[in-house]
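Visitor: Letter by letter, the chains look like this.
10 protein chains.
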Amino acid sequence: MLFHARMDVRIPHDLDPEVRADTVAREKAYSQELQRAGKWPHLWRIVGEYSNISIFDVESTDELHDLISGLPLFPYMDIKVTPLATHPSDVRATDGV
Amino acid sequence: MLFHARMDVRIPHDLDPEVRADTVAREKAYSQELQRAGKWPHLWRIVGEYSNISIFDVESTDELHDLISGLPLFPYMDIKVTPLATHPSDVRATDGV
Amino acid sequence: MLFHARMDVRIPHDLDPEVRADTVAREKAYSQELQRAGKWPHLWRIVGEYSNISIFDVESTDELHDLISGLPLFPYMDIKVTPLATHPSDVRATDGV
Amino acid sequence: MLFHARMDVRIPHDLDPEVRADTVAREKAYSQELQRAGKWPHLWRIVGEYSNISIFDVESTDELHDLISGLPLFPYMDIKVTPLATHPSDVRATDGV
Amino acid sequence: MLFHARMDVRIPHDLDPEVRADTVAREKAYSQELQRAGKWPHLWRIVGEYSNISIFDVESTDELHDLISGLPLFPYMDIKVTPLATHPSDVRATDGV
Amino acid sequence: MLFHARMDVRIPHDLDPEVRADTVAREKAYSQELQRAGKWPHLWRIVGEYSNISIFDVESTDELHDLISGLPLFPYMDIKVTPLATHPSDVRATDGV
Amino acid sequence: MLFHARMDVRIPHDLDPEVRADTVAREKAYSQELQRAGKWPHLWRIVGEYSNISIFDVESTDELHDLISGLPLFPYMDIKVTPLATHPSDVRATDGV
Amino acid sequence: MLFHARMDVRIPHDLDPEVRADTVAREKAYSQELQRAGKWPHLWRIVGEYSNISIFDVESTDELHDLISGLPLFPYMDIKVTPLATHPSDVRATDGV
Amino acid sequence: MLFHARMDVRIPHDLDPEVRADTVAREKAYSQELQRAGKWPHLWRIVGEYSNISIFDVESTDELHDLISGLPLFPYMDIKVTPLATHPSDVRATDGV
Amino acid sequence: MLFHARMDVRIPHDLDPEVRADTVAREKAYSQELQRAGKWPHLWRIVGEYSNISIFDVESTDELHDLISGLPLFPYMDIKVTPLATHPSDVRATDGV
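Residue numbers (this note's numbering), protein chains in the order written: chain H, 1 to 97; chain D, 1 to 97; chain P, 1 to 97; chain S, 1 to 97; chain Y, 1 to 97; chain C, 1 to 97; chain Z, 1 to 97; chain B, 1 to 97; chain V, 1 to 97; chain A, 1 to 97.
Calculated from the structure, these hints are not laboratory results.
Beta carbons: idealized from backbone N, C-alpha and C, even for Gly.
Accuracy of the hints is not assured; some may be wrong.
Said to hold, decoys possible - Pairs of lysine-lysine residues, derived as DSS-like cross-links and limited to a Cα-Cα distance of at most 25 angstroms, are as follows:
no., chain 1, residue 1, chain 2, residue 2
1, B, Lys80, V, Lys80
2, P, Lys80, S, Lys80
3, C, Lys80, S, Lys80
4, H, Lys80, A, Lys80
5, C, Lys80, Z, Lys28
6, P, Lys80, Y, Lys80
To be verified - Computed Cβ-Cβ distance ranges for the label pairs, DEER-style:
no., chain 1, residue 1, chain 2, residue 2, range
7, S, Asp22, P, Asp8, 34 to 42 angstroms
8, P, Lys80, H, Pro75, 48 to 56 angstroms
9, Y, Arg10, A, Pro41, 40 to 48 angstroms
10, Z, Ala93, H, Asp22, 16 to 24 angstroms
11, V, Pro72, S, Asp22, 38 to 46 angstroms
12, H, Asp22, C, Asp14, 24 to 32 angstroms
13, V, Pro88, P, Val19, 24 to 32 angstroms
14, H, Pro75, S, Arg36, 25 to 33 angstroms
15, Z, Asp8, V, Asp66, 45 to 53 angstroms
Claimed, not checked - Not everything, but these chain C residues come out facing chain V in the computed CB check (under 10 angstroms):
no., residue
16, Ala5
17, Val9
18, Ile11
19, Asp14
20, Leu15
21, Tyr30
22, Tyr50
23, Thr61
24, Phe74
25, Asp78
26, Ile79
27, Lys80
Chain H extracted, bound-state conformation:
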C-alpha cells in the first residue's frame, strides 16, 4: 500500500553544528536501511529546495507513522502525507506487469 510524502527540512540556523551533523548522518543511515528493506521504494530531491518527495510501501498507517516519526530529522521537518491508490490506467496494474 503506497503513500506519497513531501518533506521540507527546516533545521534552525542556531542548532549546534555537531548535533546537526550527527542528525543528518543518522537520517541518511536510517533512510537507506528503510530503502533496502523495501519500505521506501522512491526518494527524490525537489530541485532547488532542501526537500524531498518520497513514496512509502507499508502494511498500515500505524506502520507508516512509526517509520516517519522515527526519522532523526522528524523534529525539523514539515511533512505532508497523501494516500495513493492504483490508477485505472496504470499499465502495470492492467497488464499484469
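Start from chain H and add chains D, P, S, Y, C, Z, B, V and A according to the hints.
Guide: Same frame as chain H, but now just chains D, P, S, Y, C, Z, B, V and A:
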C-alpha cells in the same frame, strides 16, 4: 531526467456526455502508450480525488510539455510540474543499483 | 485502518432538479449501507456548511478509493483524505479498551 | 454536543528539555483523564505529523474552551475548532442506534 | 451559547430574476423572525461586500445548523462558523452586568 | 460607527515571565476601561485559540487606530480590522429599536 | 476619513454585450460624479489586470457602503476595503500642510 | 525598464470555437509584433500549464498596461505583473556588457 | 509613474532597544525627506496594524528599488509593490485636472 | 534547457555580522562565475524585496540542483523552481533568430 506532476481533473458537468466519454477513453490509450514507452514510469490515483500523481522521465522540458499538452484531458486539468533531482541518500544512486 | 475525510458538496445550481433529487437520495442509501457494514463508522455535518467530516475504516487505500469514488455525489464534491494512526495517549489503545 | 479539533504541536526547539518532557507527560495524563470522563471521545494521530484530530463532547463552548486552554501543551499548539451537528444520513441518529 | 458566522452571498448571475427577488425577500423575513426571537442578536454588513457578519445565540450546534441551513439564500452562500466563549476580560461577565 | 477586529495573540515563548505577566495584566485593565467607556461593546474568546473577536464603536479610523495600537499586547498580536455597516435586514435599524 | 479599496472586475463572459456596455458606461459616469464630489479622491488601474485601487473619503462606514454598493459593476466585482488612519510620519499631518 | 508577468490562460470551455480560434490567432500575431519591436524580449511556456512567463521592456507603467490590455486573450487571462530592477550581482550591469 | 506598496513592519522582539529606537527615528526622517521631495506622495497607516500603504512617484523601477531598499527598517519589513497606471475613468486624467 | 527560479533571501537578524558579510560576498562571486559561464543568463531584483528572479540554462535537473544548492546563501533562502519550455509564439524559436 525525472519530473513530478500532480493533475486534478475538472471536467465541466455540462460537457456533452459523448465528448466526455470519448476524451476519457483517448486519455487512457494515450497514457498507456507513454507508460509502455518508458516516458511515464509511475501513475498513481490520489485517494478520494479525481486526481493523479505522475512521474515522467524525459530528455528535456520541451519534450515534457509536448507530452503533457498532448493529453486529451489537458484542457480540463489543473497541472503542477515539479522538477526532481537525484537524492544523495537514494540507495539506487549510491549503491549503483 | 482509519482515514479522515472532509467532503464539501458543490452541486451546480443549474443541475436538473430530478437528477439532483435522485442523486442525493442514492447518496443517502449508499452512505447508510456503508455505515451499517462498519466501513464508515462516523459521519458528522459541519455546522453552517453543506459539508461533512467522515471517518472510514478500511483494509487498504484501494478499498477506500473505491468506496469514495462510488459515492453518487462524488462528481460534485471536493474531498480531502487524511490518513490516521493510533495516538499514543489514546486510552482505548493503551488501556486495551 | 460534538466539536472537531485539529491540533498541531509546535514546541520551540530551544525549550528546556526538562520543561518539555514534563509538559508532554502532563499533557498525556490530562488528556487521558478527559478521555475517561467521556469529554474527549476520539483522539487520532495524523500520519507523518506531530498533530492530532480530536472529537470533544461538551455541554457548552465555555466548557470546551476551558478544557482546551487547560492543556499543558496549549501554549505550543496551533488549534482549529469546528462545530459539528448530526448528519441527516447518520444511521445512529436515524436508526436510533 | 454564541457563535460567529461570516456569510458571503454568491448568487449566480444567470439565476431567474423572479426566483432571485423572491429568495432575497424570504431571506429578509426569515432573518428578522430569528432576530426578534433572540436567536440572531447581531447582524452587520461588511463594508463593500455582499457579505455579513452574524452572531447567533443557540442552545446547541444542531439548532444552529437547522437555523442556518434553513436560510433561503443558504444554497448561494459561503458560510464559516466560529464558536465563541466568554472572554476573561469581558466586563459584562466579570462585573455581573 | 462599528468595526470588527480579530486579534491573535503570539507572545514569544522566551519573553521574560514578569514582563509577560505585567503586560497581560495591563491589557486587561486597558481593555476593561475601553469597554466601560462604550468604545469596545463586544469582546469574545475564539474557542480553542488565544484569540478574540472584538467589536469597536468609534468616531473615526484615527480614533480606532489609537485605541488598538495603545493595547499593551499590541506588539505581540496579529490584528485584522474589518469595517461594518448597518445591514438592511437588521431589525434594530428597521424597527427603530 | 479615508478607506482603501481594491476592486477586481469579473464580468461573466456570457453576459449580454449590450447589458455589459451599458453597465460599464454607467459605472464610468457614476465614478466620475463621486470623484468630482470629492468622495473618491484617488482611482488607479493595477497594471496588467482589470482591477483598480481606490481611496475613498467619507463621513461614515454606512456612507461608504452605500457608495460602493451603488456601483453599476458591484454585482461583478470582488472588493476588499481596508480602513486607513493618519501615519505619524506623514508630513502633511505633521507639517500642517 | 523591465517587468515580469505571469499569464494563465482560462478560456471558457463553452466559448464559440471560431471565436476561440480567431482570438488565439490574433494573440499570436500581436505578441510577435511586440516581440519584434523589442517590447517583449522574453516569452516562455510554463511546462505542463497553459501559461507563460514574460519579460516586458517599456518606458512606463501606462505603456505596459496598454500593451497587456490590448492582448486579444486579455479577457480570458489571469495576469500578475512584478516590477524588476537591476540586480547588483548582474554581470551585464557591473561588467558593462 | 506611480507604484503602490504595502509595508508590514516585523521588528524582532529581541532587537536591542537602542538599535530599534534609532532605526525607527532614522526611518521617520528618511521617509519625510522623500515625501518633501515629492517621491512619496501618499503614506497611510493601516488601522490596527503596524503597516502602511504608500504611493511612490518615480522615474524608473531602479529608482524605486533604491528608495525602498534604503529604508532603515527595510531589513525588518515585508513589502509588496504593485505598479499603477492611469485609470480611464480618472477625472484628473480625462478632465485635464 | 531553461528553468525559472524565484529566490527570497531570509537571513536571520541575529546571524553573526562577519558571517553574513562573508556569505553575501561569496554569493556574489559564485553568482557572477555562473553568469559568465552561461549557466545563469538572467538575474533580476524584484522591486522592494530582498528577492530575485533568475533564469538558469542547464543540461539536467541534477546539474541545476547542484548549482542552486551550492549557493552560499542557500541555507537562508526560500527558492521555487519552475521548468520552462519553448513558447509557440516565441519569434526567436519560429524565426530562427
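Visitor: Each hint needs a verdict: does it hold in this structure or not?
Guide: Now the hints, each set against the structure:
1. With a C-alpha separation of about 13 angstroms, the suggested pairing of Lys80(B) with Lys80(V) holds against the 25 angstroms cut-off.
2. Proposed proximity of Lys80(P) and Lys80(S) is supported: the alpha carbons are some 17 angstroms apart, at most 25 angstroms.
3. As the CA atoms of Lys80(C) and Lys80(S) are separated by approximately 18 angstroms, the hinted pair is consistent with the 25 angstroms bound.
4. Pair hint Lys80(H) plus Lys80(A) holds up; C-alpha atoms about 18 angstroms apart against a cutoff of 25 angstroms.
5. For the suggested pair Lys80(C) and Lys28(Z), the alpha carbons sit about 32 angstroms apart, so the restraint of at most 25 angstroms is broken.
6. Straight-line distance between C-alpha atoms of Lys80(P) and Lys80(Y) comes to about 18 angstroms, which keeps the hinted pair within the 25 angstroms bound.
7. Taking 34 to 42 angstroms as the suggested C-beta distance range, the pair Asp22(S) and Asp8(P) conforms, at roughly 41 angstroms.
8. Taken as a hint, the range 48 to 56 angstroms is violated for the pair Lys80(P) and Pro75(H), whose Cβ atoms sit roughly 26 angstroms apart.
9. Distance hint for Arg10(Y) and Pro41(A): a CB-CB separation of about 45 angstroms, consistent with the stated range 40 to 48 angstroms.
10. A hinted range of 16 to 24 angstroms is violated for the C-beta pair Ala93(Z) and Asp22(H), which are about 57 angstroms apart.
11. In this structure, Pro72(V) and Asp22(S) meet the distance hint of 38 to 46 angstroms, their C-beta atoms being roughly 43 angstroms apart.
12. Checking the proposed 24 to 32 angstroms range against Asp22(H) and Asp14(C) shows it holds: the Cβ atoms sit about 25 angstroms from each other.
13. Distance hint for Pro88(V) and Val19(P): a CB-CB separation of about 45 angstroms, inconsistent with the stated range 24 to 32 angstroms.
14. The hinted range of 25 to 33 angstroms is satisfied by Pro75(H) and Arg36(S), whose Cβ atoms lie roughly 30 angstroms apart.
15. A C-beta distance of roughly 31 angstroms is found between Asp8(Z) and Asp66(V), which places it outside the suggested range of 45 to 53 angstroms.
16. About 6 angstroms separates the beta-carbon of Ala5(C) from the nearest beta-carbon of chain V, less than 10 angstroms, and the hint is met.
17. At a threshold of 10 angstroms, the smallest CB-CB gap from Val9(C) to chain V is about 13 angstroms, leaving the interface hint violated.
18. The interface hint given for Ile11(C) holds, since its Cβ lies 9 angstroms from the closest Cβ of chain V, which is under the 10 angstroms cut-off.
19. At its closest, the beta carbon of Asp14(C) sits 8 angstroms from a beta carbon of chain V; the interface hint therefore holds under the 10 angstroms criterion.
20. Checking Leu15(C) against chain V by beta carbon gives a least distance of about 7 angstroms; that is within 10 angstroms, so the hint holds.
21. Given the 10 angstroms rule on beta carbons, the hint for Tyr30(C) is violated: about 15 angstroms separates it from the nearest Cβ of chain V.
22. Given the 10 angstroms rule on beta carbons, the hint for Tyr50(C) is violated: about 16 angstroms separates it from the nearest Cβ of chain V.
23. Because the beta carbon of Thr61(C) sits about 5 angstroms from the nearest beta carbon in chain V, less than 10 angstroms, this interface hint is met.
24. With a cut of 10 angstroms, the hint placing Phe74(C) at the interface with chain V holds, because the nearest CB-to-CB distance is about 8 angstroms.
25. Given the 10 angstroms rule on beta carbons, the hint for Asp78(C) holds: about 8 angstroms separates it from the nearest Cβ of chain V.
26. About 4 angstroms separates the beta-carbon of Ile79(C) from the nearest beta-carbon of chain V, less than 10 angstroms, and the hint is met.
27. Checking Lys80(C) against chain V: minimum C-beta separation of about 7 angstroms stays under 10 angstroms; hint holds.
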